[in-house]
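Asker: Taken in order, these protein sequences are the chains called A and B.
If you count the first sequence from 1, you need to add 2 to reach our numbering.
If you count the second sequence from 1, you need to add 67 to reach our numbering.
Simulated from the structure, these hints should not be mistaken for lab results.
What you are looking at is a predicted structure, and each value in this text was computed from that prediction instead of being measured.
Worth double-checking, as some hints may not be accurate.
Unchecked claim - Which bits of chain B does chain A cover? Going by a derived footprint, with three or more residues having C-beta under 8 Å, they are: (1) 80 to 90; (2) 208 to 219.
Unchecked claim - Selected chain A positions facing chain B (in silico; Cβ < 10 Å): (3) Leu-121; (4) His-125; (5) Pro-127; (6) Ala-227; (7) Pro-597.
C-beta: ideal position from N, C-alpha, C; glycine also.
Below are the chains, spelled out letter by letter.
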Amino acid sequence: MELDESTQRMSSESQAGQHTRASSDLSNGHQRQASPILSYLGLGKDVLPDIHGEALLAALNDEQWSVRVAAVRKLEGLGEHAPLEPLLTALNDEKQAVRAAAAFVLGSLGERVPIEPLLTALHDPEWHVRTASVLALGKQSHRITAEPLLVVLSDEDEAVRAAAVWALGMLGERAPIVPLVGALSDSAWSVREAAALALGTLGSRIPPEPLLAARADEDSAVRTAAQQALEQTHPEIVAPPVVSTVATGPLEPEWVEKALTDLARSSSSTLDEKTIKPHRRERYPVGVRAARKRTRKVQPVRAKRSRLTSIAESMLVAAVIAGIALSWLLLSQKFNTTTATYFSYHRNSSMITQVVWSSPQDVTSGNAALIAFAGADGWLEVWNPQSNTLAATYGPFKQFAKVLSMNWVADGIRMAYLDTDGKIQLVQDSGSEPFMSLESPPGSSPLAAWSPDGTRIVVAFNNGNDGTAEVWDTTRNRLAKHASHMGAVTAIAWTRDGKTIATANNGGPGSGTIEEWDATTGQSLLPAAAGQQYISVGFRVVTMAWSPDGTRLAYTLENGDVDLRDRGDSDTRLNRDTPNAHTYPGMKAALAWSPDGRLLAMTMPSGLIQVRDSDSGNLDYSYQGHSQQISDLAWSPDGKRIVSVSIDGTVKVWGATST
Amino acid sequence: MDRNGEDTLRPLAANMDHYYEQLVSQYRQQLCVFVSRRLGWSGDAEDIVQEALVRAYMALARYSLQQRENLKVRGWLYKITWNVYCNYITRSKHIGVVSLDNLEEHELPEWEDEREGQPEMIFEQMERRQELETLVATLPSHYSVVVSLYYFEDLSHQEIADILNKPIGTIKMYVHRGVRLLRKALATEMHEVK
Chain A
3 MELDESTQRM SSESQAGQHT RASSDLSNGH QRQASPILSY LGLGKDVLPD
53 IHGEALLAAL NDEQWSVRVA AVRKLEGLGE HAPLEPLLTA LNDEKQAVRA
103 AAAFVLGSLG ERVPIEPLLT ALHDPEWHVR TASVLALGKQ SHRITAEPLL
153 VVLSDEDEAV RAAAVWALGM LGERAPIVPL VGALSDSAWS VREAAALALG
203 TLGSRIPPEP LLAARADEDS AVRTAAQQAL EQTHPEIVAP PVVSTVATGP
253 LEPEWVEKAL TDLARSSSST LDEKTIKPHR RERYPVGVRA ARKRTRKVQP
303 VRAKRSRLTS IAESMLVAAV IAGIALSWLL LSQKFNTTTA TYFSYHRNSS
353 MITQVVWSSP QDVTSGNAAL IAFAGADGWL EVWNPQSNTL AATYGPFKQF
403 AKVLSMNWVA DGIRMAYLDT DGKIQLVQDS GSEPFMSLES PPGSSPLAAW
453 SPDGTRIVVA FNNGNDGTAE VWDTTRNRLA KHASHMGAVT AIAWTRDGKT
503 IATANNGGPG SGTIEEWDAT TGQSLLPAAA GQQYISVGFR VVTMAWSPDG
553 TRLAYTLENG DVDLRDRGDS DTRLNRDTPN AHTYPGMKAA LAWSPDGRLL
603 AMTMPSGLIQ VRDSDSGNLD YSYQGHSQQI SDLAWSPDGK RIVSVSIDGT
653 VKVWGATST
Chain B
68 MDRNGEDTLR PLAANMDHYY EQLVSQYRQQ LCVFVSRRLG WSGDAEDIVQ
118 EALVRAYMAL ARYSLQQREN LKVRGWLYKI TWNVYCNYIT RSKHIGVVSL
168 DNLEEHELPE WEDEREGQPE MIFEQMERRQ ELETLVATLP SHYSVVVSLY
218 YFEDLSHQEI ADILNKPIGT IKMYVHRGVR LLRKALATEM HEVK
């Protein structure tokens, strides 16, 4: 059997610590811990004797990791006198137990602790270290923004996500509510529970509906947390929780019959009343109930209430909920934020990464504007967002792994996808078989982008820190090749006329660059006289988009900045509210220009989408319809709607203007 | 001694590390036994339980004092351990269930609390507990885990329902049917011995 690498490392560290400790204990008199888990966490009976000062500092450098862990935990007891430098060094220890202990302790040492190392530790390969770092940041919540925590909300490990939810709750008034509400739908019960608990600390500004829904969660801990949260946030509308029908299973005729027979014959129930009573009312139909021999007092049936009283209570609850919703709406309008959505779609457990609108030619022909997207299951779906009807489905496509690029041209939808063998397959919506395949070097993590007219595709292959982009037509002719000057390719963008391609490259931390080159020849288009082969932008570029007239390039950086650069190389920042230079490697982002080039839509890690004037940078308005990071955006051909997709499989179509 | 150990833990809730040390002391071994029974061997059980306990520690770190005081620790620990175990199984290629092809389910004329009836006596009388555990492990997985939790881990129906996110009625049914399958298997075994 195979354990995941993290668990194996955790175990091997713990067991190795046990085995080597035997010899070390004899040599330096350290006491032995009985439990490997306590040893791993630096707890339990003192591994270290009562040492201080130089001896304690020496223990931080002991050859045994278990001694180092214990020494780190011992520093916690020094409080404001704990030396920071050894702890910061321990944050980079080779052993995950030491790193996690260091992060844990740093969180409790107050404002003198620098935040940057903890933010860096969010990228540790071990879930335990990442969780400890998130918890530490949560304890320093008054010194951080929500952004790094929002990125961590997408972590693969549920413990990290749960800690991120808790830490977001610690932001208090600054806590973003929508992502926390979104966490109530997480696949892990621990995250959902943490979300309910966090929402419960945020007061009456929390809308009650999500918590009311969470009271019907399949998990008992989540239900309890939701009830507790409602009692904290909306005690005036809290009613006794309804025993969830979701939590109960289907009635089993055999079981019911046997149980009835048993109860009819027995003189006293052998069943625990506490365990059976809450479910009894849901399990027995009224007619059957009369046949049971009641051997113990049952809970009285709730007395019937007058119809008027029920109506009055319902109206009161509705009025309270409407009042909360109205306040929410007014607040949204105050900040020019809308959640008005014209079309909404959600596919559970299926990441949708790209979406396209039907071609402008199709729309001008009188056909309704349609949207197309593909999920992780390999099916391509086409929807009419105006009528909320499914127009067509295509697929499943053979050995589908993930979408690389989509385009809707006059001939239909073209899609490039990576198959499970690592090949790039090009398909047309009407065909079940790929019309062209491209080999991709093993481990190259290719990127691709169709030309605006769909007749060519640029594919970028990355071999470590080397990137190469190739332009192919749809008859297997390679038209051009461009080798990156500075590292792996991270983003691609065509100009609308199909003549210029921009590729972003990443040569290492702080070495993000952009190259502009001719799509026909592969040659650089940057000023040759200046000897310039690339433009340095500092951070890794996450996504790029040319303006419709091809004169400006907008790009989102890994630190959250969105920059806009003219072809004349001037630098205009539209959005820069990140207070520090920290990056978010897991960040997803999207950019989309309005068809007339006047507005630029951009995304935030929280799922917020901003629409800004591309000349002034002024915020036109915001859309908050997603609770997870946005993976793609597209403006409708008529410029009136925007479609957005988020990593949780949600697709939304909303108005593109503030009016 | 209290069944769940929660009365012992509650006074320690104000000091998370002491609380956790006591928790490990009380439950680590039974969790290891539980997992090793599910696996059929103890090789990876320690690793699974260690990861579960680390996750428990990180969760406790974000719980308030009130939440720690009100925590139903045993069921909570089993739930975390069960999740880690399930993730492990998902990654594993080994399938530890062998269906009992020759067994059929019959309806009982009576339904009784199994723990006080014949199976309990059989368990007490069986000298070869290990063989019985092996037999339980060969039941269909949904019966096996419930029977194991109920009889070997001494968890209540409600605790098992919370761990497995199933209705309590389903748990009782699984205990009932699982024991019936065991009776059949034992009867077959005894017949073969003769």
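Asker: If any of the earlier hints don't hold here, list their numbers in rising order.
Answerer: Of the numbered hints, 2, 3, 4, 5 and 7 do not hold.
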